[in-house]
Structures are given as structure tokens and as C-alpha cells.
Amino acid sequence: MSTTLDRPIERAPINKAEAWRFLGRPADFWLCAAATLAVLLVQAWNIAGYPRVFDDEGTYLVQAYAIDHGMGLTPYTYVFDHPPLGWIQLSTLAWIPAAIWHSPGQLVVAYSRIIMLPFTVASCILLYVLSRRMTLPRWAATLAVLLFGLSPLSVTLQREIFLDNIAVTWILAAFVLAYSPRKHLWAHVGSGLCAAVAVLSKETILLAVPALVVALWQNVDKRTRKYSFVGFAGAFLLLIIQYPLYAILKGELWSTGGKISEIAGITYQLSRPGSGSIFDHSSNAYSVLHNWLFYDPVLIVAGAVAVVVSLAYRHLRPVAIGGVILVLAAIRPSGYLPAMYIIQMLPFFAIGIAGLADRVVHAILTYRAKPVFWQQLSRLAVLLVCIMLAFVYVVPRWYSGDQNADTQDLNTGYADAVEWVHTHIPHPGDQRIVVDDTLFLDMLQDGFKPSRYDIYFFKLDVDPDVMDSLGGSEANKWKSIQYVIETPYMWENAVQSYTTEKVLQNSKVVWYYGAYPPNSIKGQNSDVEIRQVVP
Amino acid sequence: MLAGAVLVISIVLFSIATVTLWWMMHAWRTPEVLESTTFAQSDGQTGLSITLLLPIRHERQDVVENTVQKMLECDHDNFDIVIITGADDPETTGIARRLALIDPTKIHTVIDPAPRNKATALNAALASGQCLGDILGVFDAEDVVHPELLNHVDHAFRAEDADVVQGGVQLLNFYSSWYSLRNCLEYFFWFRSRLHLQAEKGFITLGGNTVFLKRELVEPPPGSDAQWGWDDKCLAEDCELGVRLSSAGKKVVVAYSPEMVTREETPDTLKSFVKQRTRWNQGFLQVYRKGDWRQLPTRRQRMLARFTLSTPFYQAASGLAVPTGILIGILVKVPMVIAMASWLPVVPMFLVLAFEMAALRDFGKEYFGKEQPDQSHKVGFGSYVKLVIGMPFFQIILMFAALRAVWREMRGHKDWELTKHVGAHLVAPAPSSAATSA
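Protein chains in written order, with the numbering used here: chain A, 1 to 535; chain B, 1 to 438.
Fair warning: there could be bad hints in the mix.
[Stated by the list, open to error] Covered stretches of chain B (in silico footprint by chain A; criterion: 3 or more residues with CB under 8 Å from a CB of chain A, positions within the stretch not fixed):
id: 1; segment: 29-41
id: 2; segment: 147-158
id: 3; segment: 337-345
[Stated by the list, open to error] A few chain A residues facing chain B, derived, Cβ under 8 Å:
id: 4; residue: Tyr-78
id: 5; residue: Trp-186
id: 6; residue: Lys-226
No lab work stands behind these hints, which were simulated from the structure alone. Don't be surprised by glycine CBs; every beta carbon is placed ideally from N, CA and C.
Turn these sequences into a full structure, and let the hints steer you where they fit.
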């Protein structure tokens with residue numbers, strides 16, 4: 001079928017891929033399944049070994065543990081730092097790692113990372129469906145999933161127990177529902193509910209909600225638009241409002257005099273000191289950005305460019321707006337840039353790149369020139385350029401990045417420390433040990449008692465409950481503590497807490513891990529010390 | 001113990017409220033569904049003869065005359081009108097006789113020898129032998145019939161092979177009082193949306209007017225004493241007939257086109273509103289107890305029947321239980337989860353309110369909008385405020401009517417409390433001083 005009567009210029013044939021089926025399942029099923037499986041394998045392999053356990057992972061997991069064990073939303077006083085729905089979800093999945101806990105030498109936080117795999121799988125599937133619903137062809141949808149899940153940056157961050165990963169899954173679900181092909185009212189209500197769950201999982205995803213509204217606007221029918229929007233907004237707000245409602249029922253909506261309250265919590269988050277400009281070499285934002293770029297510049301740079309260019313295409317616009325807003329918020333110099341912030345941008349970047357790639361391919365395929373030979377030649381040339389770029393620039397980079405992720409074990413120091421505590425500290429139930437949150441659950445497993453005896457150092461001098469349980473005057477409370485496990489994270493932040501500093505100053509190293517002997521160079525990777533307090 | 005009860009009740013109420021919300025919004029689920037709820041475009045042909053039944057009782061001449069005039073303006077080519085009055089009401093009978101003189105070939109009169117209610121009047125018409133049309137259509141004294149309605153109904157019967165066609169009925173005088181606004185919206189949701197779902201699922205409670213049915217379905221069967229006509233012992237004869245016919249597997253089609261709905265008015269005082277609502281609720285209760293719905297073929301349909309017929313009582317129960325649960329959550333020391341759960345049923349309730357506001361906008365546009373002939377009133381900001389503030393108070397009224405219905409049914413009060421009509425929905429309202437009461 002190469003000629004039509006009303007079209008005098010001859011067109012080179014385009015092999016339109018037929019919708020093939022295999023084993024009774026459509027092509028979409030197999031492509032989505034294959035891409036998701038590839039992501040799952042790469043991300044699951046060596047999930048406990050790489051990257052190094054991060055303080056926040058421990059925090060959320062400890063809070064999920066607290067819910068599971070009837071201790072409330074956290075083992076300490078809940079300070080409205082984040083809405084709790086994220087770790088409430090984690091707590092419902094806690095049975096997964098529980099199946100493989102209790103083997104010696106395994107770090108609880110590291111192995112619990114498999115909790116994140118269901119979220120990653122769900123995000124991949126939703127991303128595929130969303131791409132298809134945005135009228136991207138199958139190959140572009142598959143590309144989006146692979147970009148989203150196989151970038152070394154993704155492999156690193158999506159493995160970690162971060163609330164952002166949970167929020168991404170839910171916001172993708174909200175987008176998929178907003179694109180309901182039947183324009184179903186209850187899909188739009190469901191979209192509002194999913195968006196609310198996303199925001200209650202990690203509040204910063206609120207930045208993506210305007211993009212969701214644009215998506216909904218593009219996809220509703222004029223006749224039922226009013227009801228769709230009322231349903232969407234109503235469901236979203238009524239679910240969000242449960243968070244302040246919780247604070248009201250607890251009598252902690254607002255407060256005076258530095259007491260805990262939701263308003264104070266939100267004010268704190270909004271007024272966190274800015275990370276500075278990403279262009280200022282000495283700023284925090286700069287180092288955060290370069291940490292991301294270290295893992296993968298491809299997805300970040302290409303993605304940021306793609307979302308801006310995608311603004312020009314109507315069918316890509318909602319996702320482009322989401323990406324652009326998130327990027328603008330990140331480069332705002334006065335804002336606080338959390339280390340995991342980029343997680344929320346990844347799906348937008350992936351669809352942006354895939355959507356734009358589709359536009360480019362489409363333009364080439366519909367490019368008409370005479371004679372047909374030139375068309376075929378130009379197509380071949382572009383194809384070659386793409387393959388060269390991919391194989392020379394992207395694939396080796398990603399291969400080595402993903403290979404690191406699947407082979408290196410950065411957590412042996414922590415695991416060995418836990419093992420040492422297990423074999424060398426008798427009667428852990430009567431001892432007080434100060435740790436950072438990554439090791440909190442390991443100490444519990446070892447027999448320390450939660451929150452009074454096994455102490456998260458960030459709570460020292462901050463949580464009155466913790467301080468009251470330590471005897472003596474304010475200046476001497478550190479003497480009630482017997483051990484401390486010093487990690488790089490604690491070392492960096494100890495200066496914030498008087499008692500922590502005291503404990504570190506008045507203690508001797510009883511075990512250490514790392515390339516450098518104790519008290520030589522601080523802050524090196526893998527530097528872990530167990531110290532016994534000498535009053 | 002208390003905490004457990006609050007949790008269970010909250011979950012039950014939440015589920016009921018969610019299902020009710022789901023059904024309430026049936027018509028707007030997808031654009032296709034919305035499209036399917038209106039009358040199909042008529043093919044311009046007619047094939048059936050239609051008899052319009054108009055039972056009247058203690059009515060004012062101007063109200064009835066307006067109704068009959070509008071009926072005569074119908075462009076269907078084969079219909080007649082039967083006006084039914086009671087033997088104990090010579091004044092209204094006189095009005096009917098005078099009206100019949102307008103067009104003696106088209107208008108007939110029937111006198112109900114033992115008048116008690118609308119059902120006896122309709123049955124008297126059936127027994128009189130004056131109803132000759134293939135299709136019978138029931139209207140009320142104050143109904144304004146759209147001239148094209150009969151053609152569309154004729155088409156719906158033929159095109160969809162229906163046994164019954166229920167047209168839309170819409171209360172219009174939202175401006176009359178605070179409760180009339182909510183009452184209008186109730187009708188809007190019921191006829192625009194919910195009835196379509198009921199028809200689709202094969203269990204429907206018909207409305208009292210703009211109902212068209214094949215004559216053979218209600219005619220006294222020769223030589224048999226099976227039940228025929230309308231049930232004159234039931235306080236909601238319309239609901240009863242719908243349940244009886246749908247339980248027998250008859251096909252009911254519902255169609256709502258804003259320009260063709262029958263326009264009606266809300267009861268003129270709160271007292272008569274409560275009386276009317278009590279009568280309906282009591283009627284629902286009677287239909288429930290009569291149990292025709294048990295013959296429905298599938299379990300789902302029987303569940304739907306059970307649920308639909310007991311809705312007023314769920315409403316009353318939740319009106320009491322939701323505030324109680326919330327108060328317990330706030331005042332009594334219960335776990336946080338329970339206190340949060342007590343708010344659960346409020347979520348679908350507020351969603352209902354939000355959808356009501358959207359619907360009010362549609363209602364205003366479809367009946368009082370820029371392109372409509374009636375510009376006398378406008379749905380403005382005040383109407384939305386009234387809608388929101390009126391919600392709890394309307395709930396209390398409904399609750400009261402539901403409890404009153406149960407009370408009356410238990411005490412055996414089964415008399416007919418009639419609603420009177422003052423013509424508030426007519427474009428030029430008549431002076432209300434001449435109103436007669438029931």
C-alpha cells in the first residue's frame with residue numbers, strides 16, 4: 001500500500017506494527033511484563049548491599065515497626081515531620097522482610113528494602129499504561145519503563161526505603177485514572193483519592209498535582225466535566241483533610257511555645273534552611289545535584305530538556321508541566337533540596353524522553369522526499385545515529401553503573417558492627433546504646449529495648465521523653481549511656497546535640513570497621529566505630 | 001466495646017453512603033451513559049393510541065384547566081383524556097364536566113363511586129370501559145405536559161419494545177422555601193439518574209405520574225380474580241405497581257429530557273411536605289412487607305429491592321448514628337483509629353454535597369438558564385448557600401418523616417394524607433387565597 005490517488009508524492013512504505021498476540025495475551029502485556037521484569041531483576045539483585053544504608057530509610061522503617069507493634073506512629077513522639085501514610089503502607093508490607101529476618105550478619109534496614117520492590121513494579125506497570133493512554137506507541141512506552149527503572153540513578157534511589165518512591169507509585173496511579181479511556185466518573189474520583197494518598201505519603205508530590213489537573217482537563221468530556229472535577233477535587237480534599245483532622249482529634253493542630261503541633265511541623269518543613277543555588281559550588285544543592293549526576297547524567301539532563309520541549313505537544317503537556325514544576329522547585333535557590341527529591345521527577349523525565357523520541361521518529365517516518373531512496377537513506381542515518389549514541393554513550397555508562405549496584409556491598413561495616421554487638425554486649429536489655437536510625441531495628445532485634453534504651457541519637461536533647469528517662473542533671477545525662485555506634489552520618493550531625501557530643505568525647509573505641517584506624521581521618525565511607533562510654 | 005461498636009457502625013454507614021452515592025451519580029458515570037438517559041430522537045411516526053388518565057380531587061379550576069389545555073396541545077395524532085373525579089366531590093366533578101365540553105371527542109369523564117385515593121380513581125377509570133388506548137398515561141392535576149412528549153413516548157414503546165415508559169418529573173419552585181430547593185434536587189437526581197439504574201437492574205419503583213404503560217398490564221383480566229390495576233390499599237400505589245411489574249419481568253424504560261419533563265411543585269408548607277414524605281415512606285414499607293419483590297429472579301435484584309425499599313429508614317438511622325459516632329470519637333477516650341473511623345461516613349456525605357452543588361448548576365441552567373423561557377428566577381450564590389446550610393436540617397426532616405411513617409404503620413394509620421397544589425410552578429402563579437385544602 002504505497003500509493004493513494006489523491007497524494008501525488010510517493011511515500012515509502014511504513015511497516016505499521018500489527019497488534020500481535022502471544023499465548024493469547026496482547027503485545028502490550030508482554031512488552032510491559034518484559035520491561036518490568038528486567039527492572040525488577042536489576043533492582044532486586046544485591047538490593048541489601050548497595051547503596052549504603054541511609055539514615056532516613058531507618059527512620060521510616062522504625063516508624064513502620066512502631067505501628068506494627070502498637071507503639072503509635074513512631075517509637076518517639078510524633079512531630080508531624082511528614083504525613084504518616086507512607087510508613088503506614090510500609091507497615092502493612094512488613095511481613096515480606098519478616099520472612100527472612102533473624103539471620104545473623106544481615107542488616108534489617110538493608111534487607112527490608114525488598115518492601116520497595118512491589119512499589120517499583122507497580123510504578124513500572126502504571127508508567128507503561130500511562131504512556132499508552134497518552135497515545136505513545138508500544139516501543140516508546142517500553143522505552144519509558146526502561147529509562148525509569150534501569151538508570152543507575154533509579155536503581156540506586158528506588159531501592160531505598162524512601163517515602164518518595166511510594167508517592168511516585170500513587171501519583172502515577174492518579175495519572176492513569178485521570179486518563180480513563182471511558183472518561184469514567186469513578187476513575188476521576190479514584191484519581192483524586194490516589195493523588196491524596198500520594199500527598200499523604202510524601203507531601204512534596206503536591207507539586208505534581210497541578211499537572212494532574214491539566215491531565216484531567218484534557219481527558220474529561222464536556223458533558224460530564226463538572227461532575228468529574230467535583231468528584232476529583234472532593235475526593236482529594238476529603239482525604240487530605242484527614243491529616244489535620246487527626247491533629248485536631250489529638251489536640252495538636254496548632255500550638256504555642258515550641259510545643260509539638262501540625263502547624264509547627266509544616267512551618268518547620270517550609271522554613272528549613274535553603275540548600276542554596278545548584279550553580280553555587282559551595283552550596284548543599286550543588287553537592288546534592290552532583291551526587292545525582294554521579295549516578296546518571298543521561299536521564300537527568302535529557303529528561304530536564306525533554307520535559308521543557310514536550311510542553312509544545314498537547315498530548316505530552318500534562319507530564320511536561322509536572323516535570324517542569326518539579327525542576328523549577330529544585331533550582332529555586334532559597335528552597336531546601338532533599339537528597340531524594342529527584343525520585344519524584346524520574347517518571348516525568350522518562351515519559352518526556354520517550355514521548356519526544358516518538359515525536360522525532362514520527363517526524364522522520366512521515367518525512368516525504370523524492371525519490372523514495374532519500375527517505376529510506378535519511379531514516380537509516382537517523383537510526384544509526386541513535387544506535388551509536390545509545391551504544392557509545394548511554395549503555396556502557398548504565399551497564400557499569402548497574403553492575404556496581406548489583407555487585408558492590410557497601411554495608412558490610414554496619415553488618416559487622418551489629419554482629420559485634422550481638423556477640424560482645426551481654427544483657428542488652430539493661431544497657432543504653434546510642435545509634436543512628438539505620439541500626440535502630442538491629443539493636444531491637446538484638447535485645448535492646450525500644451526508645452528508652454536503644455536511642456536514636458537525633459532524639460537526644462530534643463525529645464523530653466527520652467531525656468527524662470536518663471538520670472542525673474542535664475549536663476550529666478550522657479553518663480547514663482553505655483555504648484554508642486558512631487557512623488559517618490552521626491559524626492556529621494553530632495554537633496547538633498550536646499549529649500551526643502559528650503558521649504563521643506568520653507568514650508573509647510572497642511571495635512571499628514574501615515580502612516583507617518580510629519581517630520585518624522573522620523568521615524570516610526564505611527567508617528563505623530563502636531564506642532564504650534567511660535564516665 | 002463502645003469503640004468496637006463505633007468502628008462497625010462507621011464502616012456499615014460508610015458502605016451504605018458510598019453505595020448510595022454510586023447510584024445517585026449513575027447517569028454521569030460516562031458521557032455514553034448520560035447520553036442514554038434521554039429520550040431517543042423520535043422518528044416522527046406514531047403507531048399507538050394513548051389514553052391519558054387525570055385523576056383530580058378538590059382542585060381549583062384554573063389549575064386543572066391549564067393542565068388539560070396543555071394536554072390538548074400535544075401533537076400526537078391519536079390520544080384522548082379521561083378525567084376522573086370522586087362521587088363525594090361534586091364541585092370538582094362540575095369542573096371536569098365543563099372542561100369536557102372543550103373537546104367532547106377527546107375528553108371523557110369518569111366518576112369514582114367509592115373514592116378513597118388515587119388508586120381507586122385509576123381503577124374506576126379502568127373498570128369504566130372508557131380507557132381505549134393501547135397505552136395508558138397517568139398524570140396529576142397540576143402537571144404541565146410537553147407537546148412532544150407523547151410522540152417520544154410512542155417511539156420509546158416501539159423502538160425499545162418497552163412495557164412501561166417512565167418520563168421525567170421535575171419539581172421547579174426551588175425558590176419557594178429552603179426545603180423546596182433540596183426537594184427539587186432530590187427529584188433531579190432521582191429522575192435524571194437513579195431511576196435509570198433501577199430500570200437497568202430490573203427493579204424499579206415507578207413515579208406517580210408521567211408513567212405510561214400498556215393497557216393489558218393493568219386491565220382486569222376476564223374471568224380471573226388475579227390482582228389488576230393499582231393497589232388501593234397501598235399508600236404508594238405507584239411504587240407498588242412498579243415493583244409488581246418489574247418483579248414479573250416487565251421491561252421498564254426511563255427517559256429524561258429536560259425540555260420534556262413534567263413540571264411540578266413542591267408541597268407548599270413544611271407540614272404538607274412531611275405528610276407527603278410520611279405517606280411515601282409508609283408506602284415503601286407496605287410494599288416491602290407485601291413481598292412481591294421476593295419473586296425477582298436474581299439475588300442481586302432482591303438485594304437491590306430490599307435496599308431501595310428501606311432507604312428512607314437507613315437515612316433516618318444514619319442521620320442519628322453519624323453525629324453520635326463523631327461525638328463519641330471526640331468526647332469519649334477511644335483509640336485514635338476509632339476516633340478517625342467515626343469520621344469515615346462523613347467523607348461520602350460531603351462528596352454528595354459537592355455533587356449536589358454541581359447538579360444545582362445544571363438544574364439552574366436546564367430550567368432557568370439564559371436559553372430557557374422561564375427567566376423569573378435564577379440559581380445564584382444564595383441558592384448554593386441555602387443548599388449547604390439546609391443539608392442537616394433537611395436530614396432532620398427526612399428522619400422525622402421516616403420515624404413518623406414507622407409509627408403510623410405500627411399503629412395501623414393507613415389513611416391518605418393528600419398534598420394540595422397552589423400552582424407555584426406555573427409561570428404566572430394564580431392567587432393562592434383560593435387554594436383549597438385536602
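Where does the structure disagree with the numbered hints, that is, which hint numbers, in rising order?
2, 4
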